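Student: Sequence:
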Amino acid sequence: MSENRQDTGPGWVDPDEAPELDDHFFEHGEVRDGERLVRAATDTMARRGRPRLDVSARRKAVSLRLSPSVLEHFRQSGPGWQSRISEILEKHVAASGE
Numbered sequence: 011m012s013e014n015r016q017d018t019g020p021g022w023v024d025p026d027e028a029p030e031l032d033d034h035f036f037e038h039g040e041v042r043d044g045e046r047l048v049r050a051a052t053d054t055m056a057r058r059g060r061p062r063l064d065v066s067a068r069r070k071a072v073s074l075r076l077s078p079s080v081l082e083h084f085r086q087s088g089p090g091w092q093s094r095i096s097e098i099l100e101k102h103v104a105a106s107g108e
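40 is the number that the working numbering gives to position 30 of the sequence shown; each next residue is one higher, with no gaps.
In case anyone wonders, no lab produced these hints; they're calculated from the structure.
All the pointers check out, no bait thrown in.
If you anchor each label on the Cβ, the simulated ranges turn out as follows:
no.	residue 1	residue 2	range
1	Asp33	Glu97	47 to 55 Å
2	Gln16	Arg75	43 to 51 Å
3	Gly21	Glu100	45 to 53 Å
4	Gly21	Val48	29 to 37 Å
5	Glu37	Val80	55 to 63 Å
Since the structure is predicted, the reported quantities are computational estimates derived from the model, not experimental observations.
We put the CB at the ideal spot given by N, CA and C, even for glycine.
Whole structure, please, built from the sequences with the hints as guidance.
Tutor: Okay, structure coming up:
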């Protein structure tokens, strides 16, 4: 039986492939004094994907027991069935005035 090879870390990186250090790098880059962070980097990387929601707006993961007929009904409606259940419950809460 063969053994898994140990991770030897990153391979050799050609120093000629390093990005050019321009004014933007020095204006927005991270400044450190040894291990101490003097100034955090700003505007250096674009965030991809959806913006993060406020903590109060995030959904919570819960376990919910539903009758088989209700579950089957929503699952047959296709992808996004969990969101549709959430929308119906939100409408009910709004209609009840709570």
